[in-house]
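Student: Sequence:
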Amino acid sequence: MTIWSLASLRLAGAPSLALAAAVGLAACATAQTPETPSLPPPSAVTGTAETPTPTRSPTPTPAPTPRFTNEPDHELAALIPTAAAGVEIVVAPFDAFALTPGDIGAAYGDIGDRFASLALAYVLQPRTTLYAMRVDGEPITTEDLETHLATAGRYVGIAGLEPDPWELGEAGGHAVWVRPEDNATAAGTVIYTWSNGELVFLLIGVDDTLNRAIIEQLPGESAPSPTPVPTESASAAPSESDES
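Under the numbering used here, residues 62 to 305 are what the sequence shown spells out, in order.
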């Protein structure tokens, strides 16, 4: 083979090598070129905030309304004694009277709006009437009844009664509001009202011995113990030596 032939082979092979090298270089360049990062959606770029959900205001608890139907409350009626001070007490059947918790509740204002049931008892002689009411909701204290004393008195027939004659006292071991006899009442008439927390009672009668005997057998708040009167100590008394 001539020198020209060898040179021709070298020249002919050069383009192939160059192409192979170019392809290999392009492949390397393609493999090494980083991918263009994808752009975030416009909302992510601008940082648009979501509209906050408005806070709902708490729904107010509806105020209690008077009840003008009296569902039989046999548990309440069973608390009423059938006799006291040797006298029979009639506990009226629920279908024997038309009064409702709302009727007597009008005498006790907002407390009366919570009366849920009513039981009634009476004595023919000596004349006595007892109303017992169950209260829904928060417990009621006897002192809570103070602002309703005048209207409670009017309910049992003491017209024009002011609260001044009422006194916070004790009967049957319970704390009670009591209104003694005066010119506005029949002879001997005494009115009581009190609570044990879940019940309210209203009692009117002309025999106070019977009144107190009934109260003693019913629920109520314990009457506060009387404050002891301080006594003069023995050391404070003058000694015989001091007198001499």
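Derived by calculation from the structure, the hints in this document are not laboratory data.
Please note: incorrect hints may appear among the correct ones.
[To be verified] Simulated DEER-style distance windows between Cβ atoms:
1) PRO121 - VAL148: 22 to 32 Å
2) ASP156 - SER286: 39 to 49 Å
3) TYR183 - GLU242: 14 to 24 Å
Where a beta carbon is used, it is the ideal one built from N, C-alpha and C, also for glycine.
Student: Against the structure shown, which of the earlier numbered hints fail to hold, in ascending order?
Tutor: 1
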